[in-house]
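S.K.: Using the sequences and the hints given, assemble the complete structure.
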Amino acid sequence: MDQSGFSDRLKHLLKQKKKTQAHVATAIGTSVPSVHRWTKGGQIEYKNLRSLADYLGVNWIWLRYGDEAVESVQQMQTEDAAATSRRREYLNQIMDSENRMRQALDMADIVTWEWNVLTGSVECSKNASTLFNVDENALPNCMLPYTDNTIEELIDIFGRNAPHVWDFSVKSSDKAVVWFTSKAKLYFDVSGRPTKVIGVSFETTKHKVDIPSSTSVKP
1 MDQSGFSDRL KHLLKQKKKT QAHVATAIGT SVPSVHRWTK GGQIEYKNLR
51 SLADYLGVNW IWLRYGDEAV ESVQQMQTED AAATSRRREY LNQIMDSENR
101 MRQALDMADI VTWEWNVLTG SVECSKNAST LFNVDENALP NCMLPYTDNT
151 IEELIDIFGR NAPHVWDFSV KSSDKAVVWF TSKAKLYFDV SGRPTKVIGV
201 SFETTKHKVD IPSSTSVKP
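When you line the sequence shown up against the UniProt record's numbering, it's residues 1 to 219, in that order.
Calculated from the structure, these hints are not laboratory results. Quantities reported herein were computed from a predicted structural model and do not represent experimental measurements. A virtual CB, placed ideally from N, CA and C, is assigned to each residue, including glycine. Warning: the hint list may mix true and false statements.
Quick list of the computed label-pair ranges, beta carbon to beta carbon [said to hold, decoys possible]:
1) G66 to A25: 20 to 28 angstroms
2) N141 to L118: 13 to 21 angstroms
3) F188 to G29: 27 to 35 angstroms
Pairs of lysine-lysine, DSS-like flavour, derived with a Cα cap of 25 angstroms [as the list claims (entries may be wrong)]:
4) K206 to K171
5) K18 to K40
6) K208 to K185
7) K40 to K15
8) K47 to K126
9) K47 to K15
10) K171 to K126
11) K47 to K17
12) K175 to K185
13) K40 to K17
14) K47 to K18
15) K175 to K208
16) K126 to K206
17) K208 to K183
18) K11 to K40
19) K175 to K126
20) K185 to K126
21) K47 to K11
22) K206 to K183
23) K171 to K208
24) K40 to K19
25) K19 to K47
26) K206 to K175
M.R.: Okay, here's the thing in structure tokens:
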């Protein structure tokens with residue numbers, strides 16, 4: 001940075017505000033030789049710079065680096081504000097899209113869910129309990145016949161390119177057997193560690209064949 005610019009601004013302020021080097025030294029807790037060195041373009045520590053700027057009533061960035069630096073900071077702040085506004089707009093759009101998608105899935109009787117393979121917890125869409133006719137805490141057993149598998153086995157089942165597909169059945173409130181098909185895939189974090197299985201389940205009773213496939217799980 002331009003050392004002479006800082007010293008020139010400092011000397012101009014001292015003259016304008018009728019302050020001596022001794023006044024400055026006493027006010028900010030430093031020595032007169034240090035202030036004198038600053039007026040000659042010497043280095044100034046950040047703490048002393050902030051104290052000096054406060055004492056003289058000026059912006060510390062302007063005092064040290066000049067008008068261009070202040071303009072650059074202001075431009076960066078404006079750009080940051082614009083970027084924040086864009087991010088907020090994008091987030092609102094995403095949330096709106098997710099809400100519309102969730103409503104569409106609910107209307108189509110499709111359950112969406114996430115199974116955390118590390119904690120065993122399952123989060124489901126609100127229509128899950130109604131469609132499966134079970135309490136929320138029973139959903140893992142109903143939906144996921146793989147809860148006792150090891151992580152290695154889960155990677156082999158759900159970690160392939162194509163989603164894993166299986167059938168299962170539940171009993172409705174009138175004791176009728178209702179069949180569902182699930183499609184799910186295992187996802188990994190940035191370190192390559194398996195974290196969650198994300199999937200959907202939808203009713204397939206009308207299309208279910210008489211003899212269940214090997215991937216079927218009975219109630």
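S.K.: Against the structure, test the hints numbered earlier, and report the numbers of the ones violated in rising order.
M.R.: 3, 8, 12
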